[in-house]
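A.B. asks: Using the sequences and the accompanying hints, generate a full structural model.
Residue numbers (the working numbering), protein chains in the order written: chain A, 1 to 439; chain R, 1 to 314.
Careful: at least some of the hints might be erroneous.
Unchecked claim - Pairwise CB distance ranges, derived in the manner of DEER restraints:
| no. | chain 1 | residue 1 | chain 2 | residue 2 | range |
| --- | --- | --- | --- | --- | --- |
| 1 | A | Ile136 | R | Asp165 | 30 to 40 Å |
| 2 | R | Pro158 | A | Lys188 | 33 to 43 Å |
| 3 | A | Val158 | R | Asn122 | 56 to 66 Å |
| 4 | A | Asn344 | R | Asp214 | 38 to 48 Å |
| 5 | A | Asp221 | R | Ile280 | 40 to 50 Å |
| 6 | R | Asp37 | A | Lys160 | 23 to 33 Å |
| 7 | A | Ile147 | R | Glu108 | 51 to 61 Å |
| 8 | A | Ile136 | R | Ile234 | 37 to 47 Å |
| 9 | R | Ile280 | A | Asp390 | 30 to 40 Å |
| 10 | A | Ser64 | R | Ile280 | 31 to 41 Å |
| 11 | R | Ile280 | A | Lys24 | 55 to 65 Å |
| 12 | R | Cys192 | A | Gly185 | 28 to 38 Å |
| 13 | R | Val138 | A | Val158 | 26 to 36 Å |
Stated by the list, open to error - So the derived list for chain R, only partly shown, Cβ under 10 Å to chain A, looks like this:
| no. | residue |
| --- | --- |
| 14 | Cys268 |
| 15 | Val271 |
| 16 | Lys282 |
| 17 | Phe292 |
| 18 | Gln294 |
| 19 | Gly298 |
| 20 | His300 |
| 21 | Thr303 |
I should point out that these hints are in silico values taken from the structure, not numbers from a laboratory.
Here a beta-carbon is modelled for each residue, glycine too, at the ideal position from N, C-alpha and C.
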Amino acid sequence: MFDYDVIVVGCGPAGIMACAELKKRGIKAVGIDVKVRLDKNFRAAAGFLFDEQDFNGEFIKTESRGDNTLFTFTKTGFSYLYPGTTMPVYQSHLISNGGKIYTVSCRKKPFMSIMDPTVWLQGLCRDAADAGVTFITKTIVLNAREIPGGMAVDIRRVGKRKETITCRKLIAADGLSSRIAKRLGMNKDRPCMGQGPTVEYHMENVDTPFDGGDVGVFGRDNLGYDGYILLVPCLGKTKTYRVETAIYGPAVNNYYSIEYFIHKSRFSSWFKNAKILGKYAATMELYPPMKKPYTGNTIFLGDSAAMAESLYPGATMCGYKGALAVEKELLGEKGFEEYTAWWNNSAFEMTKDMQMMAEYAKRFLFEPWMGSAVMDELFELAGKYPFVVDEFNGNPFSFGNAVIGHLQSVPGIQPQWKQRLEALKHATLADFEQISMPQ
Amino acid sequence: MVTLTINGKNVKAREGATVLEAARAAGIEIPTLCHNDALEPYGACRLCIVEIEQNGRTIIDSSCTYPVSDGLTVTTDSDRVIEGRKLVIELLLSRCPNVKKVQELAQEYEVADFAREWDKDNEYCILCGLCVRACNEVVQAGAIQFAGNGSDRIVDSPFHTSAEDCIACGSCAFVCPTGIIKKNDLETTAVCTPEGTEEEGPKREILNWQVEYDLQICTACGNPFAPVIHLKKIAEEHGYQMEFFSRCPSCRSYPEIDEELCTACNACIVVCPVGAIQFIEKGQEDQTSRIFKQNCCGCHSCTDVCGWGAVKIQ
Chain A
1 MFDYDVIVVG CGPAGIMACA ELKKRGIKAV GIDVKVRLDK NFRAAAGFLF DEQDFNGEFI
61 KTESRGDNTL FTFTKTGFSY LYPGTTMPVY QSHLISNGGK IYTVSCRKKP FMSIMDPTVW
121 LQGLCRDAAD AGVTFITKTI VLNAREIPGG MAVDIRRVGK RKETITCRKL IAADGLSSRI
181 AKRLGMNKDR PCMGQGPTVE YHMENVDTPF DGGDVGVFGR DNLGYDGYIL LVPCLGKTKT
241 YRVETAIYGP AVNNYYSIEY FIHKSRFSSW FKNAKILGKY AATMELYPPM KKPYTGNTIF
301 LGDSAAMAES LYPGATMCGY KGALAVEKEL LGEKGFEEYT AWWNNSAFEM TKDMQMMAEY
361 AKRFLFEPWM GSAVMDELFE LAGKYPFVVD EFNGNPFSFG NAVIGHLQSV PGIQPQWKQR
421 LEALKHATLA DFEQISMPQ
Chain R
1 MVTLTINGKN VKAREGATVL EAARAAGIEI PTLCHNDALE PYGACRLCIV EIEQNGRTII
61 DSSCTYPVSD GLTVTTDSDR VIEGRKLVIE LLLSRCPNVK KVQELAQEYE VADFAREWDK
121 DNEYCILCGL CVRACNEVVQ AGAIQFAGNG SDRIVDSPFH TSAEDCIACG SCAFVCPTGI
181 IKKNDLETTA VCTPEGTEEE GPKREILNWQ VEYDLQICTA CGNPFAPVIH LKKIAEEHGY
241 QMEFFSRCPS CRSYPEIDEE LCTACNACIV VCPVGAIQFI EKGQEDQTSR IFKQNCCGCH
301 SCTDVCGWGA VKIQ
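C.D. replies: Shown next, in the form of structure tokens:
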């Protein structure tokens with residue numbers, strides 16, 4: 001009666017994982033994606049993960065196995081053999097409008113690890129191919145609606161007319177600004193918290209003066225526009241970086257800004273020998289996370305239900321959990337409710353507490369919060385007393401406050417700056433809305 | 001191809017065509033009331049009668065329903081034909097003396113208005129069936145039908161109540177030769193009640209079928225352009241989203257994607273409200289987005305989000 005048991009909309013890390021897990025359990029599942037090929041990453045801002053620390057309600061253990069790396073999701077209880085290596089990041093740099101550099105470094109334990117999202121997808125695709133999953137590519141999902149006992153999904157293959165296929169359960173894994181969430185009315189009580197694009201150049205031979213580590217560049221003098229640019233190191237031969245933008249105003253400003261930064265700014269000497277390996281971009285609409293990530297016969301995975309920053313490991317974990325939930329649901333048990341309980345209680349801190357998102361984004365808010373001139377002086381002062389720790393105690397959420405704590409303790413800091421920093425420490429999301437955010 | 005003679009002139013026509021089609025293609029005018037090129041022949045008004053000679057036998061028949069065949073000899077203006085037409089017009093005139101089209105025909109064929117001497121039957125509908133056929137064949141709504149028999153025959157909505165299946169497309173009013181179908185586009189009106197003032201409309205009403213529907217307003221120019229229910233039907237039939245009809249046809253301009261600049265980032269695909277943008281292969285392994293114009297609603301969301309300036313309006 002139904003064309004498929006399960007239709008998975010969107011074949012990113014969550015979708016492919018869900019398809020493979022369902023197929024392994026003998027459920028007829030199909031993945032639908034608009035992309036031509038699934039084993040290549042086209043999304044910007046996707047190449048890092050937080051391992052060996054608490055993030056997204058999970059503690060990921062990394063184990064190197066020759067050319068491969070085994071990620072064990074200790075709390076969810078599964079592991080994924082990633083067919084590549086990871087690179088640890090021990091340093092983080094912030095550059096102010098006047099070109100002053102502030103560095104945070106750890107000696108022993110890295111802040112985060114860098115992986116290759118394309119390789120991650122290749123690994124998942126390989127697993128899915130082994131399981132014998134079918135994917136429908138070059139197909140856009142226009143609409144989904146409830147029918148008795150299942151879901152009807154309107155799809156359109158490239159250049160063809162609309163078709164309707166039916167399934168018993170629908171998995172929406174179509175990421176930020178999910179079309180399924182919109183069509184099924186899940187965004188009604190989720191006010192849009194911001195939207196904007198980011199563009200990214202993947203470059204090699206970038207001669208930064210730093211020995212690894214990510215670099216955040218602020219200020220109109222450096223970028224030509226308000227906002228910031230982030231250089232994230234990535235796997236490659238020599239000094240390979242992903243240069244990402246987050247700029248105010250029309251989308252195309254991001255492109256103008258990155259071009260200005262590379263060719264005209266005071267840092268253009270870094271890019272003299274650089275070669276662009278790839279260009280990526282993404283647009284995002286940020287909605288508060290869903291409290292109940294399912295409706296009727298549809299379940300939402302990863303970023304489609306969260307605010308953002310599920311990252312590749314979080315999405316993969318959601319894919320696994322979602323597949324288990326759907327399997328239970330098909331057997332007549334209450335799988336979706338279990339998934340919701342997991343979603344709200346143990347996974348994704350950011351779903352429970354919006355404040356976490358503010359903490360997470362704090363280090364990119366120094367400039368609009370403090371003002372460019374203060375930042376310059378503060379960083380110049382702090383440059384004499386670098387922030388070096390053996391082991392960074394905590395998770396990505398405590399990073400912002402740790403940096404503030406160090407800046408406050410720098411000798412010679414003016415009392416009013418100290419107060420302003422103290423205010424930033426306790427700032428809530430509502431406070432940030434008052435200062436303009438690029439995204 | 002079939003060869004026949006019309007008014008002594010050799011005419012070629014495609015097989016399966018009607019005599020009326022063949023004559024009109026050859027520049028010979030035959031008057032009609034119930035004929036429309038978009039609809040199946042019906043033969044209701046009998047105004048298009050001609051004299052047809054085949055195998056030595058002569059008959060009078062309606063040209064709109066008579067198929068052409070080889071060796072047919074047709075006369076469109078013989079005395080017998082004119083006499084027949086006069087009779088038809090006379091009968092029409094006695095039924096509908098106030099219909100302009102019938103009056104014109106009467107003048108052209110010099111038919112005296114005998115009916116004026118008696119009590120007049122002030123009927124407007126000539127029962128040509130154009131509205132019914134347009135609704136069923138072209139629009140495929142099936143909202144109206146003939147009702148009653150003989151002299152009681154009328155065109156009506158089911159049970160003489162509001163036509164449920166009507167989508168207020170206005171095709172019936174468009175094809176009606178007499179102008180009896182009253183279609184009005186109403187502007188926004190304020191309705192004052194004790195509770196307060198409520199705004200209504202803009203709306204379209206068709207009085208004959210007792211329907212009234214809201215009109216879709218163009219998001220660009222603010223003018224109403226078609227009933228929402230009509231657009232919904234088209235959307236359902238052809239697989240469009242309702243957002244496709246957010247702009248009126250004259251306000252649409254279509255963007256195009258520069259495939260050299262496109263990095264296949266998915267941003268335009270995500271924001272496109274109608275799913276008109278899809279990935280296609282670019283070279284061996286790469287991909288690029290492309291706007292499929294037949295699905296594009298012309299809203300320009302894609303130009304706003306493209307970080308590379310690759311989506312441009314023509």
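A.B. asks: Indicate, hint by hint, whether the structure satisfies it.
C.D. replies: These are the hints, each one checked on the structure:
no.: 1; hint: A/Ile136 x R/Asp165: 30 to 40 Å; in the structure: 36 Å, holds
no.: 2; hint: R/Pro158 x A/Lys188: 33 to 43 Å; in the structure: 38 Å, holds
no.: 3; hint: A/Val158 x R/Asn122: 56 to 66 Å; in the structure: 60 Å, holds
no.: 4; hint: A/Asn344 x R/Asp214: 38 to 48 Å; in the structure: 41 Å, holds
no.: 5; hint: A/Asp221 x R/Ile280: 40 to 50 Å; in the structure: 41 Å, holds
no.: 6; hint: R/Asp37 x A/Lys160: 23 to 33 Å; in the structure: 31 Å, holds
no.: 7; hint: A/Ile147 x R/Glu108: 51 to 61 Å; in the structure: 59 Å, holds
no.: 8; hint: A/Ile136 x R/Ile234: 37 to 47 Å; in the structure: 27 Å, violated
no.: 9; hint: R/Ile280 x A/Asp390: 30 to 40 Å; in the structure: 53 Å, violated
no.: 10; hint: A/Ser64 x R/Ile280: 31 to 41 Å; in the structure: 40 Å, holds
no.: 11; hint: R/Ile280 x A/Lys24: 55 to 65 Å; in the structure: 32 Å, violated
no.: 12; hint: R/Cys192 x A/Gly185: 28 to 38 Å; in the structure: 34 Å, holds
no.: 13; hint: R/Val138 x A/Val158: 26 to 36 Å; in the structure: 31 Å, holds
no.: 14; hint: Cys268; in the structure: 8 Å, holds
no.: 15; hint: Val271; in the structure: 7 Å, holds
no.: 16; hint: Lys282; in the structure: 8 Å, holds
no.: 17; hint: Phe292; in the structure: 6 Å, holds
no.: 18; hint: Gln294; in the structure: 9 Å, holds
no.: 19; hint: Gly298; in the structure: 17 Å, violated
no.: 20; hint: His300; in the structure: 12 Å, violated
no.: 21; hint: Thr303; in the structure: 9 Å, holds
When the structure is compared with the earlier hints, violations turn up for hints 8, 9, 11, 19 and 20 and for no others.
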